[in-house]
Amino acid sequence: MRLRFTIVLAALAIGCGSEGEPSTATEKVYAAVDGALVSKTWPARMADDSVRSRFEGGEGWRAIFESDLQAAISAFSSGTDARGLARAHQGLADLYRQAALLSAHATVEAYGVDGLETDPTDLAYVIGVGHAIRGERDSALERLAAVDADGPFGARAKAWKAALSRESKIPDLKTLAAISGDLGEVTPGTDPAFSPEPDASLIERTEQAKAMAVMDPTRLLTRSAWHAAAASMSAPPTDSGVLAQVAARYAVGNPDPNTHVELPVDDAWLFCSNDLMAADVGFIAEASVKGIDAVTAWADKSVLAAAVKPAIIDGKVVPDEVLDAGFALQKQLQAMMADIGGGEQAFHRPFALRSRVAVLLAGMVVADANDQYRDAGILRLNALERMEQTGLDPVFALSVAAWDAGNRNPLRPEELTHQLKTSYPALFATRAPLEALHLRRSRNAGPSNPVH
Amino acid sequence: MSLKHAIRAATGLALAFVGTGATLAYFEESIPMSLNPLYAKTMADHRAQELVFDRLWFNDAITNELRSRVVQKYQVAEAGRAVEITVKSGIRWHNGQALSAKDVCFTVDAMLDPGTPSTVAAHYREFITGCEEKGPQVALVRFNRVLPKPRERLGFPILPASEFNSTAISPDLQFSARPIGTGPFNGKRGLRMVTFDAFANTHHMPKIVQMQLQEGGDPLVQTKTLINNNVQGIVVVPPPQRPDLSASDDVSMKAYDLRSWWYVSVNSNKGALSDKRVRQALNLVLNRNELRQYSIGVKPGDKNSPCEFISGPFIPASPYYNVEVPVQPNANLSRAEGLLKQAGLEKLGGRWHKDGQAITLRVGMLANLNHEAPDLLSQVANQLGAAGFDRLTSKISADEWDDSVMAGQSDFDLVIGKWSFGLVEEVNELFHSKGRQNMFRFASSEVDQLLAEYEDAVTDTEQRDAYHKLHKVLNDQLPYLFLWKLDTKSAWRTEVRGNIVAPYYYFTEIDAWSVEG
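Going down the list, the sequences are from chains L and G.
Positions 733 to 1184 (the numbering used here) are the ones given, in order, by the first sequence.
Positions 2 to 518 (the numbering used here) are the ones given, in order, by the second sequence.
Chain L on its own, in the form it takes in the complex (with noise of 0.2 Å):
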């Protein structure tokens, strides 16, 4: 069943006699999802005191809400929410793995796309683990080729070597160790600290032989199956399937092509997520894959497919209309968490936001997916920008400038992780190729005044 749920926009019109009166109004009517399938999901169930209760007063819940991951951490760290702290894990995981992405991008498009006669031959390396990362794993084995043998990235050179010539995905968490070095036993609620010490300088082959301080990209993968080993190990046993559709939202490399099902999903994966219900955690994981086929499948299931189902038009996802349609629910749930709390309160319209921004989040999985990728873009910057309103997720931001490091653009996610790196010290290995993929574009660039 669908209904029309109709929102009346109070659009001033043009006329009126004095400010703030308004003279007529404009109609619109969203199309919006079944009233069944939106009661499922967590901010209408939150808007009940009782199963709101269950995350209220917990710090940990406080630093979920307020999108704070390292907070949620220790905060967990108690062991009085096993779920909670799995969670949080999972989101450094995913959030370091984004940002080995970012880092990958831009090595790549700095030291090799722009790469010059000056560059020291040992960046082959990181140029090489750069595209390990981005799942090319030819160009990679091609450059860890040619990286020396007996300078400071050989050893590790050749452990990526083999680890590739053993399968083509991402090692795992003890062969990351052994190249960039051990994080410790992974003990949940923990973080490993974090060395800015460089992994190697290398020097410009120029008059001057500058030292170029080198961060090995390869340390932040370790540490985000480091976190995946922490999530993994904190998550009860029957949480398995429910982790890796999880983590597959934000996973690298090619990503399971597998059919999902659905799951029970305890509200601990829920609350404050993207994933408005259990079933949206299995169509955002097979939407990556199958796309538009996700989403025909998912829609009597799932809200957010159901959601995005109207705005595939002719095949395509229509940016403006998934926009539409996050408006629409967005409403749609405001009004609902007003009924089932008996009122409106201050909390339903943040609770509701999420949902708007959730929906353009399943618009743009479903439209990558689809080959759209410039309309994935759009709605990935409105995403963005919908966040100002609900707080910035870090691992979506993350995601974002990895995105536009492939794009070549360096000033958005050198603004991101400036934003982060307090809470995220880590990210700081992003840092050198971003700042070279900035200077060598600005210096092909064309000319440009300061401009007051």
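Treat the hints as calculated values from the structure; they're not laboratory data.
All C-beta atoms in this analysis are idealised placements derived from N, C-alpha and C, irrespective of residue type, glycine included.
Incorrect hints may have been included.
[Claimed, not checked] Stretches of chain L that chain G covers, calculated by requiring three or more beta carbons in the stretch to come under 8 Å of a beta carbon on chain G: (1) 1100–1113; (2) 1143–1155; (3) 1162–1175.
Here the structure of chain L is known, so what remains is to put chain G in place on it, guided by the hints.
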């Protein structure tokens, strides 16, 4: 004027021009000074010109892909020292004439003509040597060296040869107010607003019939006018207004990628200010935390602040920013006093004197910045006053800023301003002794040396290191008192669809914009 009257006045102005659903009115920082791209001096100029002209190449606002709307094909020629450009057929100028290779070469020739006093063109003279028409649609642009990625450098807007009698183009031609371009809109600048009428073309099909640029006044009035749907957008929303607009479902806040930093420029050639110690003392007199709190509305410790202190001429996220140079968030009056005394100043009756004369500082601020940082001028003046300096304050009109301050002919001791940058963050023109934008003719051989080091750098490491050193030296010599970077946000009504905001140029993707209803 009361707020209510101000809103009515703004509403009336907006209503006078809104006729169809496809009209879009918006508030700009200021009325553009010139619609001639050779004379863009403000960001409002750049944004407005983006509506009227096509740049030869530009970057896609979403994917960053290098694209062109006017070039059909190109090829690198003469072993990398030239590029042969074939412009598309069928593109019309707003005067009805066809775009041809002649226009491309005319634009190049105009930029190379010493009779064109354009700082924009001056940069192109550094690497373009000429242009030759090889056919009706084919132009060959030559360089003085091999350029690795020539298209990325050729982002200049194309001018119509038919509209000029000579390649020497002066800023005061009628063209600056009523330009002719090949862009999506035909612009006309008036005293209080600029109108842009859609011009359908083979390469542009704008969905908006008319755009109306109005000068934004009081930010509160702008906000109310937007919420009441009497304009559809505000290009620059000051931080204090952002929460109200974010809370509205009828408005979307839009990120605008622009690198802007604020400063107080010091006239280092005037009186006591020529002594570095006095400039350093003034730097210590400023309590930036208070300035930021009272003018921008950001308190110390605010999370995700849009406004961050700086200690040099770059934003903190920039590769050029030297993190080892500390910022000066609070005043240190005792240290300031020590420096002033070392410089030979005396404090008599609570006022600082030099050679028996009380020091009076003439402080100015570009007037339209008062919308983004209300009362900043008086806050700075108050802090100087509290530290023992007499002062005279005045807001500087855009014309006076351009004609007097930037021409190095003003009598100010201190001026408050803001510089904005895109991908290229070069500051050589601001600080080199012969820099074209060195407003008080600050001269330092050490700074000139570092700027030369930057220019001569072979690698990006060398280039970055040169600017890191420059940052440190400028923080010591203080031709500017560096204040903060402030990010820029826009707000648009949700009825405005497809409104992708391009970094720096803003309206690059205007063809996709529409107004619903």
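Any hints this thing doesn't respect? Which numbers, in order? Failing hints: none at all.
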